[in-house]
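A.B. asks: As a plain string of letters, each chain reads:
4 protein chains.
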Amino acid sequence: MNTFGQLFRVSVFGESHGACAGITVDGVPAGIPFTTEDMIADLQRRQGGNMQGTTPRKESDIPKIISGVFNDKTTGAPLTIIFENNNIDSSVYEKQRAIPRPGHADFVAEQKFGGHQDYRGSGHFSARLTVGIVAAGVLAKKIIAPVTVSVHVTEVDGENDIETGIKKAVAENDSVGALVECNVTNVPVGLGEPFFDSIESVLSHAMFSIPAVKGVEFGAGFAAARMRGSKHNDAIISSDGKTKTNHAGGITGGITNGNDIVFRLAFKPASSTPKEQTSMNMQTQQLESFSLDGRHDLCVALRAPAIVEALTAIVLTDAMLLAQFSKRVATDF
Amino acid sequence: MNTFGQLFRVSVFGESHGACAGITVDGVPAGIPFTTEDMIADLQRRQGGNMQGTTPRKESDIPKIISGVFNDKTTGAPLTIIFENNNIDSSVYEKQRAIPRPGHADFVAEQKFGGHQDYRGSGHFSARLTVGIVAAGVLAKKIIAPVTVSVHVTEVDGENDIETGIKKAVAENDSVGALVECNVTNVPVGLGEPFFDSIESVLSHAMFSIPAVKGVEFGAGFAAARMRGSKHNDAIISSDGKTKTNHAGGITGGITNGNDIVFRLAFKPASSTPKEQTSMNMQTQQLESFSLDGRHDLCVALRAPAIVEALTAIVLTDAMLLAQFSKRVATDF
Amino acid sequence: MNTFGQLFRVSVFGESHGACAGITVDGVPAGIPFTTEDMIADLQRRQGGNMQGTTPRKESDIPKIISGVFNDKTTGAPLTIIFENNNIDSSVYEKQRAIPRPGHADFVAEQKFGGHQDYRGSGHFSARLTVGIVAAGVLAKKIIAPVTVSVHVTEVDGENDIETGIKKAVAENDSVGALVECNVTNVPVGLGEPFFDSIESVLSHAMFSIPAVKGVEFGAGFAAARMRGSKHNDAIISSDGKTKTNHAGGITGGITNGNDIVFRLAFKPASSTPKEQTSMNMQTQQLESFSLDGRHDLCVALRAPAIVEALTAIVLTDAMLLAQFSKRVATDF
Amino acid sequence: MNTFGQLFRVSVFGESHGACAGITVDGVPAGIPFTTEDMIADLQRRQGGNMQGTTPRKESDIPKIISGVFNDKTTGAPLTIIFENNNIDSSVYEKQRAIPRPGHADFVAEQKFGGHQDYRGSGHFSARLTVGIVAAGVLAKKIIAPVTVSVHVTEVDGENDIETGIKKAVAENDSVGALVECNVTNVPVGLGEPFFDSIESVLSHAMFSIPAVKGVEFGAGFAAARMRGSKHNDAIISSDGKTKTNHAGGITGGITNGNDIVFRLAFKPASSTPKEQTSMNMQTQQLESFSLDGRHDLCVALRAPAIVEALTAIVLTDAMLLAQFSKRVATDF
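Residue numbers (this note's numbering), protein chains in the order written: chain A, -19 to 313; chain X, -19 to 313; chain G, -19 to 313; chain S, -19 to 313.
Check before you lean on any hint, since a few could be wrong.
Each pair may be met inside one copy or between any two copies, as identical chains are not told apart.
[Said to hold, decoys possible] BS3-like, lysine-lysine: derived pairs with alpha carbons at most 30 Å apart:
(1) K211 with K224
(2) K224 with K75
(3) K222 with K44
(4) K122 with K53
(5) K147 with K122
(6) K147 with K211
(7) K211 with K222
(8) K255 with K211
(9) K44 with K75
(10) K75 with K255
(11) K44 with K211
Hints listed in this document are in silico derivations from the structure and should not be mistaken for laboratory results.
With the hints as extra help, turn the sequences into a complete structure.
C.D. replies: The following block contains the structure:
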């Protein structure tokens, strides 16, 4: 349930305001150079602490590798990384607890886990968990090279100029949504598996695990629903499968076709808006107005690129390992 | 790879122009009444043979239950259903083979399977495989009752009036895209599992296995990217979690919140347009213009509702079984 | 549940007295020559219909490949083989139904599936299901070559001379147990995965799915419990890992070490003995004596070699695919 | 690979002489009281540091729960426990490294992981990893109550009097093998899944992951190979499935039948005998005699009961969750 992948398998654990957030990666090939320093850059990109519109909460986010690395190289055994939580103030959550916050997991977690969940800072539902994913993504990026993954925020609050969008959010003191685009280059032909594990299926599965993602589209995506076949079809113009256009986003029949993978994600505005809201107080059974205290992002998507890149690299690592094996054996006959 | 689900697990096999298409369902509870007659209605909806804009190819689509049913009830053993192919004309595919059709799996299948794939009618990549999914969906719908799933085409070729859209496609003799919407009612709270198996993750995984789907969005979806938190958040107005609005599409924190699940799919236009196209002839290594013969849909989405309903019911069956077990045990302590 | 394997995955379905027994193999590399003729020899070895001590029931056991093969080669898509049941007489089972047969699955199946199971000839619990496994094993053997698997019955009813053992069983008209030994040669170093998927774990998992197997031991096995370390340890005498003795049965630390894999299986006597037995009549709630009609083996292990070979080859195929991928990637760094 | 279980899923990580050994348990029902104190008794049983014949190495074995517990109860999120290593002396392993120890994983680990494995104290192959399993077993035992699991050493070095066996080992300064028996009471009918996940399959899979286990037998086990059907069959004498004898070890058709589960394990003598041994020096390519330094058990099986109990409870937890779901749903129809 908290595990993803077939051959390269990540498992997350931890809570926002518990001892730590962590991740275990199983199926790591042995001999890959890997140190805590390697992770710093992407972890800082995820942190977003310096950007306007992101939370002022500062976790030090220092990764601690507690298994699977020896002499600065991967051993082939499960690789576990933990991030201790050290900037914790939980008092606000106790106060809020009777009133499930709209848009949050509060209500569903209470129902699903019978009130036993760690409710502080959304507990196991917190975006804090993505810190481990970013760490594992650093490893995945090394494995898939020369395949490159790059992700950018392309729109904030309807503005293609990101700064403008963020300024509006800050000025109006409300959380805002955003669009994010991912581009993958040097993609080998043949990643993805019919029938159920199309590369679109597996990528979208991973992407919808990111908090606040509410839509995923590949290539022309929703715009394709208004196109004609004669226009949408990407003419193949070389024997290695390169196409004149890329409306398919690099994927045909669910399998990578050698062109760049392109997909976009819709991020809803963060549920934790500073604006006054209304919800049911479960103790009094009365509707109640309230405002959130605490440290929150106005635009969570600003932290997304490092996370989306990491998850994409994790998915592609698994897909490449799966595809390599099938290909190699086939040629032996 | 060709299997989906944890406790209620479907596995597809077969080819468009081979002996049959089929499906095995494992994890079926024993004692559910199930006969071939039960499947007829949904299979006919999928067939679409009477609608304008769908292929004139007529498969009889007669399901044959070859395991897992005894005395017209499920036994608890794997349930296998096959559909023999009996309306096959493969001659056209041999002719076309040197030229991979744009938008089809032809090129990627050739690369991935080294030329050994059954290329006739797209073989294992064919939408023919969805016939088994519709059959399994009939069983799943029985299990999840009183949860109901209903799917409608909401737009064809940019037209909200479906007839108009289809007529345009026929008139201009080109394939067209469409939007499809799914609504699920009577949804229990708590379906979906953190972190990686959010109900959005699992539903989108299933949906992107349907040929021609290029986008999936839940609730407000891509429109949410342009909303503010104060607007998007759905105020909780009753103690069972019902909300005033449903921008989240019935899912918060990746878990169902008791409101209707709502999601939309973007179907690209069918790759098999009657229009002349260009592609690389892999034998001559020359670009070549060609027109497709054969029997094809102008708007594949017209057949989609039965398939999307079936897959949704399959996903929900699995999610309900998973959620029930976790809930019940928890209350024992 | 009815599926086994990670990358090379077999799924069984069917019943003893239903329409068919069958198997689907997913993860088959494309391009392997495979025809129904290839399966005949092993299927006949399994049938045992000519041996004394085996059932006179004659299934024609004609395999029908209904997916995954095109032009006599595997396509890379799921490969399904069915065996239609055509020598069925079920009347005896209705009569017997009230009295669960000792040693059979009758009682547990009734409880587990609430009486909905196909009880005829043990239904899905029947050894009939192994016919598909033998068929899939033929494919697996092709993939693992030059690794060879050979299995022999080494003892029947305590007699190392098999004929003697069988004659005793026939003379005394009682079912008898047996020992079976498996030897695998040309084994590559490195098959098996720590911690839970040791090759011993995975092989024993597969073996205990064979009806009547009650014990599995590797190398010296139970005799090792009475050995000293100085005696049991196999001295490594060459740089490729060859050892002077092979008490470990070719497996150290759960991983193949390049020496022959050796394991033994204990088969209990068939539950279906012709002798009079006693059991509880569940309708009358009285103990009752009865004798079984029907067609049964006195020594089921005589049919075992083809089955054990097949399952071993299936396990090794999966292990080799898993090991190849990990090894190859590791050398890239 | 390092994960076991479907619904109740344990994942081990760590090394003998690295930072820690650890385990993550996913699928834990919420609300189970669980503290570090709960684990002490079983951890001490595993430690065996006070028994003659066990290693004098003393790990403090203090469990640290770093996720999944809040207010001394399980939350339903993944539960991770780590054991820091603090009694480490690795110098001896560097010296030994050129000469793979007979019976150890040294040679296979070097080959499989290309020399990148953590070779100190067998690294990830160390029995040190079982400390996490014992911890998870404490949780599992709570879940399966009133089912009870008890394991005893029944024979050491061929002696049924354990003390005598150990004294012989100490006197002759050689490691010795042992037999271990597991009894499970209050077993519900119906655990285990046909075809491949018989309860015997899953239990043996788990057991063969314990270092030094080379044989597993259920009920009469290998002795059944010399029994007649009329003798081996357990007559059913009550309507709840209780049998007069229990030669089947509580399992028929791979499914629990309500009688006690009984199985036995053969433990080989520890590879680390103090006696002089011979192996190939991989640097000099010469055979070489050597004696092991270090802290080792003469009879590893003395520590086994806590481990075997834990793994059995883990397997049964998973089997009970799986069986409950299938049963409950079935009764709805």
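A.B. asks: Look at each hint and say if it fits the structure.
C.D. replies: Hint check:
1. K211 with K224: within (11 Å within a copy, 41 Å between copies)
2. K224 with K75: Between. Shortest inter-copy distance 24 Å satisfies the 30 Å Cα cut-off; intra-copy 58 Å does not.
3. K222 with K44: Neither: 43 Å inside a copy, 40 Å across copies.
4. K122 with K53: within (12 Å within a copy, 37 Å between copies)
5. K147 with K122: neither (36 Å within a copy, 52 Å between copies)
6. K147 with K211: This pair counts as between: shortest inter-copy Cα distance 18 Å, intra-copy 38 Å.
7. K211 with K222: Classified as within; 17 Å inside a copy, 43 Å across copies.
8. K255 with K211: For K255 and K211, the Cα distance is within 30 Å only across copies (10 Å; inside one copy 45 Å).
9. K44 with K75: Answer is between: at 29 Å across copies they meet the 30 Å cutoff, but 33 Å inside does not.
10. K75 with K255: within (18 Å within a copy, 64 Å between copies)
11. K44 with K211: For K44 and K211, the Cα distance exceeds 30 Å both inside one copy (51 Å) and across copies (40 Å).
Checked against the numbered hints above, the structure breaks hints 3, 5 and 11 and satisfies the rest.
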